[in-house]
Amino acid sequence: MSPKHWLMKAEPDSRIVKGKDVKFSVDDFESVKTTPWEGVRNAEARNLMKEMKLGDKVLFYHSNCKVPGIAAFAEVSMEAYPDYTAWDPSHPYHDQKTDKENPKWYMVDVTFISRATHFVPLALLRNISLASEDDVPEEVAYIGEDGVKAIKQMALVTRGRLSVQRVEEKTWDVILQLAEKGGWDAKTVASSKAKAKAKPAAAAKKARKPRVSARKSKKARDEDEDEDEDAEDAPSEEDEEDQTATKNDAKRRGQKRKAEDDHEETAGSSNPRRSTRARK
DNA sequence: GCCAACGTTGGC
DNA sequence: GCCAACGTTGGC
Numbered sequence: 001m002s003p004k005h006w007l008m009k010a011e012p013d014s015r016i017v018k019g020k021d022v023k024f025s026v027d028d029f030e031s032v033k034t035t036p037w038e039g040v041r042n043a044e045a046r047n048l049m050k051e052m053k054l055g056d057k058v059l060f061y062h063s064n065c066k067v068p069g070i071a072a073f074a075e076v077s078m079e080a081y082p083d084y085t086a087w088d089p090s091h092p093y094h095d096q097k098t099d100k101e102n103p104k105w106y107m108v109d110v111t112f113i114s115r116a117t118h119f120v121p122l123a124l125l126r127n128i129s130l131a132s133e134d135d136v137p138e139e140v141a142y143i144g145e146d147g148v149k150a151i152k153q154m155a156l157v158t159r160g161r162l163s164v165q166r167v168e169e170k171t172w173d174v175i176l177q178l179a180e181k182g183g184w185d186a187k188t189v190a191s192s193k194a195k196a197k198a199k200p201a202a203a204a205k206k207a208r209k210p211r212v213s214a215r216k217s218k219k220a221r222d223e224d225e226d227e228d229e230d231a232e233d234a235p236s237e238e239d240e241e242d243q244t245a246t247k248n249d250a251k252r253r254g255q256k257r258k259a260e261d262d263h264e265e266t267a268g269s270s271n272p273r274r275s276t277r278a279r280k
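Going by the UniProt record's numbering, the first sequence opens with residue 1, and the numbers climb by one from there.
There's no promise every hint is true.
Unchecked claim - For lysine-lysine, the following DSSO-like pairs were computed, each having C-alpha atoms within a straight-line distance of at most 30 Å:
#1 K23 / K152
#2 K66 / K187
#3 K187 / K50
#4 K181 / K23
#5 K4 / K170
#6 K4 / K181
#7 K50 / K23
#8 K66 / K152
#9 K20 / K66
#10 K149 / K20
#11 K181 / K53
#12 K57 / K4
#13 K23 / K4
#14 K18 / K66
#15 K4 / K149
#16 K66 / K33
#17 K4 / K18
#18 K50 / K33
#19 K149 / K57
#20 K181 / K57
#21 K23 / K53
#22 K53 / K170
#23 K33 / K23
I should point out that these hints are in silico values taken from the structure, not numbers from a laboratory.
Remember, it's a predicted structure, so these values are computed and weren't measured experimentally.
Hey, can you work out the whole structure from these sequences and the hints?
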């Protein structure tokens, strides 16, 4: 079968988490060429990585920064696996910290292919996704109505919090076109804010009340034993995020939360690993 | 099993 | 720095 397509997020700005800087920009990526995508400790992201195969295409995304967006193209490689020669490189390998007999965490290596000639900002994608199909921003009219549809269904715009996402082939093609042709101006990218604001709807139901103290602590929080990745050298990226596929958003709406799909562990979301956010 | 509180992501 | 979104926890 033909290669699948994915989107993987990395943070281009420095941010210290658990004593380590999680920074991994497109410049870093281009310079190292291949990096093990370690540290992911979110079940859904892990499951997606388990599906990856050598040669699958990857959109390298800049997250949690001034101008988030797609910065480069890459592919699943797995060349950095330590025992590469002794292992079948056609599928993901387990994280070095996991129990090899009963692997919990899987990961892949990702190799840089090329930079996006024109960085594709999230704001542009949002703008496109918010436009009616027959009202595509003039500058990017070349993606056509189908292109708009493809952007509209991207997990990147429909969900957000997920560091490893599936990307449809058509969507990959559209992103490729945008990156190669560019054409949008600041104005096109700028207005997204207002529009984006318009979408909150689900929010109402929540209406959070003021947080009263009360909650004791959850115990769990720190148990994760094995933490961390070893390789310091490896720049890595992200991790985290949510689960399950997007497809049914419908269900997502009122859903209760399911905890990951996978069996076993996982539950560990409490794993503070990278999760802690250094607030400014 | 529901739901309020809480923690975290991550765009802005 | 702010805050919307949303997963998770845990009392009930």
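Exercise. Which numbered hints turn out to be false for this structure?
Worked result: Failing hints, ascending: 3, 10, 17.
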